[in-house]
Amino acid sequence: MGRMLENHTKTLLYENGLAVPQFKVAASVDEVRQAADELGGKVVLKALVPVGKKGKAGAVKFADGAEEAGEAAAGLLGTTVRFFPVEKILVEQKLEIEQELFVSITLDKMRRCPVVLASTAGGMDVEEIAAQYPEKMRVIPLDPFEGLPEYKCREIWTELGLSGGLLREAASYLYRLYQVFARYEATVLEINPLAVTPEGKVVAAGALMAVDDAAVFRHPELKDYVQLGSERAWRPLTELEKEVVAVNEADPYRGTARYTEMEDGDIGFMCGGGGGSLMVFDTLLSYGGRPANYTEFGGNPPERKVFGLVKTILSKPGVKGLLVDANITNNTQVDLVAQGIVRALKEKGIDPRKFPVVVRLAGVNDAEGRRILAEAGVEYYGEEMSMSQAARRMVEKMREAYGG
Amino acid sequence: MGILIDAGTRILIQGITGREASMVTRHMLDYGTPVAAGVTPGKGGTEVHGVPVYDTVRQACREHEINAALIYVPPAFVYDAVLEAVANGINLIVIITENIPQHDVMKLLAATKKAGARVIGPNTTGIINPRARMKMGAIGGDNVERCFVPGCVGVISRSGGMTAETAHMVKRAGLGVSTAIAIGGDPMIGSPPRELLELFEQDPETQAVVMFGEPGTTFEEDVAELLAAKGFTKPLIAYIAGRFTEDMPEGTVFGHAGAIIEGGKGKPSTKMRLLREAGAYVAERYDDIVDYLKQLDLPQN
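Those sequence lines, one after another, are chains A and B. Here the numbering used here is used: the first residue of the first sequence is 1, the next is one more, and so on. Here the numbering used here is used: the first residue of the second sequence is 405, the next is one more, and so on.
One thing to keep in mind: the hints can contain errors.
Ranges between beta-carbon positions, derived for each pair [stated by the list, open to error]:
| no. | chain 1 | residue 1 | chain 2 | residue 2 | range |
| --- | --- | --- | --- | --- | --- |
| 1 | A | T238 | B | G448 | 45 to 51 angstroms |
| 2 | A | R176 | B | E629 | 37 to 43 angstroms |
| 3 | B | R576 | A | E15 | 57 to 63 angstroms |
Straight line, CA to CA, 20 angstroms or less: simulated SDA-like cross-link-like pairs of lysine to any residue [as the list claims (entries may be wrong)]:
| no. | chain 1 | residue 1 | chain 2 | residue 2 |
| --- | --- | --- | --- | --- |
| 4 | A | K61 | A | G40 |
| 5 | B | K518 | A | R111 |
| 6 | B | K518 | A | W234 |
| 7 | B | K511 | A | K24 |
| 8 | B | K511 | A | T106 |
| 9 | B | K511 | A | I140 |
| 10 | A | K348 | A | G377 |
| 11 | B | K518 | A | C113 |
| 12 | B | K634 | B | P608 |
| 13 | B | K518 | A | G147 |
| 14 | A | K56 | B | G667 |
| 15 | B | K669 | A | R111 |
| 16 | B | K511 | A | F217 |
| 17 | B | K669 | A | A233 |
| 18 | B | K511 | A | R183 |
| 19 | B | K511 | A | P144 |
| 20 | A | K346 | A | R304 |
| 21 | B | K671 | A | W234 |
| 22 | A | K24 | A | A66 |
| 23 | A | K223 | B | A480 |
| 24 | B | K511 | A | D108 |
| 25 | B | K669 | A | W234 |
| 26 | A | K54 | A | E100 |
Since the hints were made in silico from the structure, they are not lab data. Computed from a predicted structure; not experimentally measured. Heads up, the beta-carbon is just placed ideally off N, CA and C, and yes, glycines get one too.
All chains, full assembly: derive it from the sequences and hints.
Laid out in structure tokens, this is it:
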């Protein structure tokens, strides 16, 4: 899921004929002041970070005039909103708002269809609307092929009490919003509030959008809006994480390599399989081990992908050991994994006879893998040891080497 | 017996000429699983390890009796490949491909549901019935008996790799597998565990099931509901991986795309509690699966 920044979302909406407030992006107090001037004085400032519920996080400020805007900006720039540093600010023209609506379209993965949420209690979180004003909210699952026909939009708003010109405006907006959702293969497209102006126009005051990473290849216009791999971190990607994304993308159809840095820890963690890695991480923690990262690999990666991954894992400061622990492979060639590990250890100048390394690998071509690792002096186990036992052995080995 | 595949399954591989698919074809044939035909547009008339290749599914179905499709085509072409299989009356479709655009998956699942075809995956290593020596997909690799020996235990796993590892645990307990299914690591899949347990309930060969679960989705919660409603009455041993993700910031994916806790939902600890309350044996440690299996006193191989 590629979360987009609000300025990018609003640009897309605008390009597709949906009304948004005038806005500018500013990176300094001076730029914010200038933007406020150009936008006519009354502005809204939002920290430009890829997270929702910005108001609750204190990342939205209102200002009247350039001076106030500058002061507000000084209070936002350089802060952190849910782990994201605020480097830029979205400066928007403040709308005159008569009424606040809410609309959200999501790809509901459990229902396997798009779901529309609409409400006349905009401006608050959807959870709050659902809890406090359930009568003011509609939840409509859609047929994946039919999508959202315009008559359904009119039905939704009529049931929620809209009528006259506003009904037509809101229905048309929702209809076109669904077109954007479908066209860009979004997973979420939420407008909150969908502001109703005194002239009876509807405008997207707040917008949140995420698109499907796996579909970006057929929407080249989104390429600069979405950072690949961002769903695998709760903060901006670190340099090492970006390195692994690059290693992975170099061979996009051959195996996977994923890497998420933990705050501390001393065990380089490289586990095979999405499920196996979760299990081993839990197990390692339960024995008192401290993984420095979370990594999974699999799907029969080429040697160079394994090499790049292990090298990155070993590059994190504070890593004092390496655990490679994979499920018995179905297609991953163990000999290639072994070659990648040995080459990375060599490149980092690490002697596995002194630096704790435990490898548990079994499966396709494992006899050759065993030979390669044994020759390099790596402590190796095959299927005779369970994955959990290997995790336990790693913790033991760290204690033997460093005490504690 | 077993579920989904048996000696009567007639397999077609779509995308058979690809590097991975061709290797898997050889492993399937070596194991004794017949592969009737393959399809790769533009490669009609060639062969892969002796399996005839056609340009279209229609041509393959004209020459061979086919009732199952194994899909190995790249992500952008899966939707079309599934429609092609469905249009030719194939009612079991195993989708190996990972990273398929989610809007395509949503549509192909709607189309197959309408046609009454069962989908396993996407993003799976496949399914296997060891007694019939039938497997679809990489599951078991080139040395199938290492993990999969025939027996009375069903295996359901959200992780392809852990399907093999879990079958190995079954073997360690002195038992074997009736059918093992890697359901796929994505949140949107054709056959969630609940539906498969309903099939296992009807299968006389299966006497117990081991399930490997993960964070995210409501798959395990739905299983607990099924158990509570007596929809599955055989012993179920469950292990849920990824408890550590509960201590990480929400909304982050760990491992499979489906493994994500959002809005407080999909926590392993909740899944474990609900399953335990519904009567499942919930393993605290993965290796405990072996002990639980031994305690069940099931017929040894």
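Status of the hints after comparison with the structure:
1. A:T238 to B:G448: 45 to 51 angstroms: holds (49 angstroms)
2. A:R176 to B:E629: 37 to 43 angstroms: holds (39 angstroms)
3. B:R576 to A:E15: 57 to 63 angstroms: For E15 (chain A) against R576 (chain B), whose Cβ atoms are near 59 angstroms apart, the range 57 to 63 angstroms holds.
4. A:K61 to A:G40: holds (16 angstroms)
5. B:K518 to A:R111: holds (15 angstroms)
6. B:K518 to A:W234: Not satisfied, since the Cα-Cα distance of roughly 38 angstroms exceeds 20 angstroms.
7. B:K511 to A:K24: violated (38 angstroms)
8. B:K511 to A:T106: holds (15 angstroms)
9. B:K511 to A:I140: holds (17 angstroms)
10. A:K348 to A:G377: Holds - the C-alpha atoms of G377 (chain A) and K348 (chain A) are around 15 angstroms apart, at most 20 angstroms.
11. B:K518 to A:C113: This hinted pair holds, its Cα atoms lying about 14 angstroms apart.
12. B:K634 to B:P608: Holds, at about 17 angstroms.
13. B:K518 to A:G147: holds (16 angstroms)
14. A:K56 to B:G667: holds (16 angstroms)
15. B:K669 to A:R111: holds (15 angstroms)
16. B:K511 to A:F217: holds (18 angstroms)
17. B:K669 to A:A233: Roughly 18 angstroms separates the two Cα atoms, so the pair holds.
18. B:K511 to A:R183: holds (14 angstroms)
19. B:K511 to A:P144: Answer holds: K511 (chain B) to P144 (chain A) is near 6 angstroms, not above 20 angstroms.
20. A:K346 to A:R304: holds (14 angstroms)
21. B:K671 to A:W234: Cα-Cα ~17 angstroms, so holds.
22. A:K24 to A:A66: holds (14 angstroms)
23. A:K223 to B:A480: Distance ~17 angstroms between K223 (chain A) and A480 (chain B) Cα, so the pair holds.
24. B:K511 to A:D108: holds (13 angstroms)
25. B:K669 to A:W234: holds (17 angstroms)
26. A:K54 to A:E100: holds (17 angstroms)
Of the numbered hints listed earlier, those contradicted by the structure are 6, 7.
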